[in-house]
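First to last, the protein sequences are chains A and B. Its first residue numbered 1, the first sequence is counted upward by one per residue in this note's numbering. Its first residue numbered 1, the second sequence is counted upward by one per residue in this note's numbering.
Fair warning: there could be bad hints in the mix.
Computed Cβ-Cβ distance ranges for the label pairs, DEER-style [stated by the list, open to error]:
| no. | chain 1 | residue 1 | chain 2 | residue 2 | range |
| --- | --- | --- | --- | --- | --- |
| 1 | A | R116 | B | S317 | 41 to 49 Å |
| 2 | A | A113 | B | R351 | 54 to 62 Å |
| 3 | A | K157 | B | D379 | 21 to 29 Å |
| 4 | B | N175 | A | P83 | 30 to 38 Å |
| 5 | A | G30 | B | R602 | 33 to 41 Å |
| 6 | A | S18 | B | K629 | 39 to 47 Å |
| 7 | B | K502 | A | G30 | 52 to 60 Å |
| 8 | A | G30 | B | D301 | 19 to 27 Å |
Derived from the structure by calculation, the hints contain no laboratory data. Quick reminder that beta carbons are idealized off the backbone N, C-alpha and C, glycines included.
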Amino acid sequence: MIQLNVNGRVHSVDAEPSTPLLWVLREQLGLTGTKYGCGVAQCGSCSVHIDGEITRSCVIPVSAVGNRRVTTIEGVSADASHPVQKAWLELDVPQCGYCQSGQIMAAVALLRAKPRPTDRDIDEAMTNICRCGTYQRIRAAVHMAAGNAKGRGSVFKVVGEAPDTRSLAEAPADGTRDA
Amino acid sequence: MKIRTPRAERAFDTRKSTGTPASASRRRFVVGTTAAAGGGLALGFALPGTIRDASGQAAAQAVPEINAWVVVRPDDTVAIRVVRSEMGQGTHTGLAQLVAEELQCDWSKVTLEPVSAARNLARKRIWGDMSTGGSRGIRTSHDYIRRGGAAARLMLVQAAAAQWQVPVSELTAENSVVRHAASGRSARYGELAAAAAKLTPPDPKSIVLKSPRDWKVAGKPMRRLDTAPKLDGSKLYSIDVNLPGMLNAAVRQCPVYGGKLVSFDAARISAMPGVKGAVRVNDTTVAVVADTWWRAKTALDALPITWDEGPNAKVTSKSIDAHLRTGLTSGDAFADTDYGDAAKAIAGATRRIEAVYSTPYLSHATMEPMVCTARITADRGEIWTSTQNQELAISALSQTSGLPLSQCEVHNYDLGGGFGRRVTVPDYIRQSVLIARQFPGTPVKLIWSREEDQTHDYFRPISMCRLEGGLDEKGNLVGLHIRVSGQSINAALNPAAIKDGKDVRQLQGLWKEPGDAQIGYTVPNMRIEYAMRNTHVPPGPWRGVNTTQNGIYLECFMDELARAARRDPLEFRRALMQKHPKHLGVLNAVAEAAGWGKPLPRGVHRGIAQFMGYASYSAAVAEVSVSAKREVKVHRLVLATDCGHQVNPDQIAAQVEGSVAYGLSAAYFGECTVDAGRIQELNFHTYRVMRMAEFPKVETVIAPTWDFWGGVGEPTICVTAPAVMNAIAAAIGRPVRNLPLKNEGFTFG
Numbered sequence: 001m002i003q004l005n006v007n008g009r010v011h012s013v014d015a016e017p018s019t020p021l022l023w024v025l026r027e028q029l030g031l032t033g034t035k036y037g038c039g040v041a042q043c044g045s046c047s048v049h050i051d052g053e054i055t056r057s058c059v060i061p062v063s064a065v066g067n068r069r070v071t072t073i074e075g076v077s078a079d080a081s082h083p084v085q086k087a088w089l090e091l092d093v094p095q096c097g098y099c100q101s102g103q104i105m106a107a108v109a110l111l112r113a114k115p116r117p118t119d120r121d122i123d124e125a126m127t128n129i130c131r132c133g134t135y136q137r138i139r140a141a142v143h144m145a146a147g148n149a150k151g152r153g154s155v156f157k158v159v160g161e162a163p164d165t166r167s168l169a170e171a172p173a174d175g176t177r178d179a
Numbered sequence: 001m002k003i004r005t006p007r008a009e010r011a012f013d014t015r016k017s018t019g020t021p022a023s024a025s026r027r028r029f030v031v032g033t034t035a036a037a038g039g040g041l042a043l044g045f046a047l048p049g050t051i052r053d054a055s056g057q058a059a060a061q062a063v064p065e066i067n068a069w070v071v072v073r074p075d076d077t078v079a080i081r082v083v084r085s086e087m088g089q090g091t092h093t094g095l096a097q098l099v100a101e102e103l104q105c106d107w108s109k110v111t112l113e114p115v116s117a118a119r120n121l122a123r124k125r126i127w128g129d130m131s132t133g134g135s136r137g138i139r140t141s142h143d144y145i146r147r148g149g150a151a152a153r154l155m156l157v158q159a160a161a162a163q164w165q166v167p168v169s170e171l172t173a174e175n176s177v178v179r180h181a182a183s184g185r186s187a188r189y190g191e192l193a194a195a196a197a198k199l200t201p202p203d204p205k206s207i208v209l210k211s212p213r214d215w216k217v218a219g220k221p222m223r224r225l226d227t228a229p230k231l232d233g234s235k236l237y238s239i240d241v242n243l244p245g246m247l248n249a250a251v252r253q254c255p256v257y258g259g260k261l262v263s264f265d266a267a268r269i270s271a272m273p274g275v276k277g278a279v280r281v282n283d284t285t286v287a288v289v290a291d292t293w294w295r296a297k298t299a300l301d302a303l304p305i306t307w308d309e310g311p312n313a314k315v316t317s318k319s320i321d322a323h324l325r326t327g328l329t330s331g332d333a334f335a336d337t338d339y340g341d342a343a344k345a346i347a348g349a350t351r352r353i354e355a356v357y358s359t360p361y362l363s364h365a366t367m368e369p370m371v372c373t374a375r376i377t378a379d380r381g382e383i384w385t386s387t388q389n390q391e392l393a394i395s396a397l398s399q400t401s402g403l404p405l406s407q408c409e410v411h412n413y414d415l416g417g418g419f420g421r422r423v424t425v426p427d428y429i430r431q432s433v434l435i436a437r438q439f440p441g442t443p444v445k446l447i448w449s450r451e452e453d454q455t456h457d458y459f460r461p462i463s464m465c466r467l468e469g470g471l472d473e474k475g476n477l478v479g480l481h482i483r484v485s486g487q488s489i490n491a492a493l494n495p496a497a498i499k500d501g502k503d504v505r506q507l508q509g510l511w512k513e514p515g516d517a518q519i520g521y522t523v524p525n526m527r528i529e530y531a532m533r534n535t536h537v538p539p540g541p542w543r544g545v546n547t548t549q550n551g552i553y554l555e556c557f558m559d560e561l562a563r564a565a566r567r568d569p570l571e572f573r574r575a576l577m578q579k580h581p582k583h584l585g586v587l588n589a590v591a592e593a594a595g596w597g598k599p600l601p602r603g604v605h606r607g608i609a610q611f612m613g614y615a616s617y618s619a620a621v622a623e624v625s626v627s628a629k630r631e632v633k634v635h636r637l638v639l640a641t642d643c644g645h646q647v648n649p650d651q652i653a654a655q656v657e658g659s660v661a662y663g664l665s666a667a668y669f670g671e672c673t674v675d676a677g678r679i680q681e682l683n684f685h686t687y688r689v690m691r692m693a694e695f696p697k698v699e700t701v702i703a704p705t706w707d708f709w710g711g712v713g714e715p716t717i718c719v720t721a722p723a724v725m726n727a728i729a730a731a732i733g734r735p736v737r738n739l740p741l742k743n744e745g746f747t748f749g
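Build out the structure end to end from the sequences listed, making use of the hints.
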């Protein structure tokens, strides 16, 4: 049995010592917010904190954790009230959301180290992969969480006004009207 | 009018033989289920929407639905039913906005209620098509779902009128309250719902939908309804499924497509921790089943396996390249567009420009790999998975388990990325069922490793393009000849869609017909051809499908022509676009927003591109610098879309940004190469994708013209790469014709 301190609780875990921390969290402790993405510390979906340090849990054997404190996405706050979580909500950052646990863990660690990060700091610290492409909103949300709001992340404008049509009942349902 | 929407991904093709997707609200179809349901299943289905069917009513519910789309609870919360798969694209929120707009309910009380495939089938497909691909979620269902919302509102109003004994015409409905101004009476939707549910629904055809000018919820940047659980780890994806007694499976498929599993030595791993066994899944796949996935994977890595790799083990990227090159000049191509005499015009032109472009195989690399949990008993089959097409999934479950559809159920989870990977081929679902059949009654969760996912995808098909143009003495384009050579998605996945050996799908975006993916230029003489060159590597739809390669070919070549003609690339295009006002409109919108022609800082160059796909028109302008060491920096990327109607501009912007990440990841780094018959890029260290530092500043211009409905998730991807490539060409003084750009010595920051 391996003793593991996760989110302030000590657990006894039945796993081979070489088992990556990620799979112990997910399969033994039921903490599924931490995600598997690549298994080779490339994508960052599995990011957790170990004694506050951002760590990719897919490549660290559970036996190497020792008595250090592990924090997962479930332990960031009791009620999604961490400034990073609030900024993420405010800016509607996630698309599919799968990578966002790791992104949030990376952002929390960044802000702990650098409370007012520059864009370059964000570039260097936020190396997690997001295939949906939420990077622009992540950047804005990190700034917002730092109390340094720089807009909503997405920059868009709608040009032209909707016409006053009584009904669109006759418009084709399939979006294939001739140009 | 001829329509060519890619349909291979559709399990249930609702087109009539004319090929025209008709308004489902007005007609009745018989659904041919093609390969998806091999049992010859043919389902008649009524219009999706407002007509209540008996079986639905019979299903006893604590709170009766008002109709198939809307449930109003006593506390006024509204459950809006959604049948499309949510994979991040925001379709659930957008669909709910459209229903809520017509329902005129309080948006803050809206919740989502996903519908399962079994439920849709049990109710004779009252919710219509569930497939979520081709950027169709909203554009093909907006009409019937809005009618569903409107019908529910009319029934709530009618219930109030009956209760108060006043004419319907004296009542108003707004913000989940029905009011009678004359008497000052009002009632909340929650109070009226039970009575409304008993009324006869109105004829959907009689419903007058609101003008978009009057929209209060639709068309507005409403917050997504599904964000909160993505922030604290509480959202469950299919990979997070945990059922009592569940086992876990890891698979290995023959590394060479077309090869076979010969044997494996299960005894060698049987004593490993947690292992329940190694099983043959099918002719090409072996699985190890264990109590945890990590133990299953560890044992699989130790399992001795013998493959018969077959003749494809000799195939390399080089041999595929040579195969495709033969298609650039061969006599077997067919011409989809052919007017005037392009060959003669080009031969007689003052200047002749020729180029050959190429694009590689690409994997989807969804963040969540393929996952499916199955539990099979003698009389019931269930899967817990994430799919872009639940009806395809339930068909696969039924076929693979041997159980009738009525004894099958799909529990679909929001996807950790789809991008077309989970829409066409339910390979992972079939494997999961085949494994679970060998453990009757026990749920087994199959998770593909990233390496399995990366090497057993249905890849964006590899292709090449030879383009030839002729300019007259004034620099006008007088002839254009385009020849695409490459692999066909339909040949692999939907051969029935190929008519007389002509697969027009590979020319998506270069079609002459308006409405879906039309070429935006008219040239005096034009010929557009396709030569099919298939390989053993399985192709499939990849976000944007064939617009992503064809957009690069056409738009980069247009810049080559403009440079040869010594004309501004925007002006050069405009001259050819006079018969294509919507293409031109969006090009003009992006040029204006980007400040085309205005001075740029020293060393910064612009590139422009426009293209069409999924019924939407897209254009982009990139501002790029390239250092002497070939370091590429995209300083700004402005994209414009005319998607007809815009339903949520904040989510459209998110999809445009997503298209930039997906499109430029591919242009910069994306490449799946083949050696010894197998894919070489196993994980993200060799299959690089864009990260934060490489993502440019993106600005989105939404320029709807409100007389059609176009897609949003895919259309803009096709202009991202060519705009950047054209800017790079402007910076270095010569075109870049082969992707990915990393192979040409470029780096990115």
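Results of checking the hints against the structure:
1. Taken as a hint, the range 41 to 49 Å holds for the pair A:R116 and B:S317, whose Cβ atoms sit roughly 47 Å apart.
2. A hinted range of 54 to 62 Å holds for the C-beta pair A:A113 and B:R351, which are about 59 Å apart.
3. The given range of 21 to 29 Å is broken by A:K157 and B:D379, whose C-beta atoms sit roughly 57 Å from each other.
4. Remark: the range hint 30 to 38 Å for B:N175 to A:P83 is upheld by a beta-carbon distance near 33 Å.
5. Between A:G30 and B:R602, the C-beta spacing of about 57 Å breaks the proposed range 33 to 41 Å.
6. The hint said 39 to 47 Å for the Cβ distance between A:S18 and B:K629, and at roughly 42 Å that hint holds.
7. Between B:K502 and A:G30 the beta carbons are some 54 Å apart, a value that agrees with the proposed interval 52 to 60 Å.
8. Taking 19 to 27 Å as the suggested C-beta distance range, the pair A:G30 and B:D301 conforms, at roughly 25 Å.
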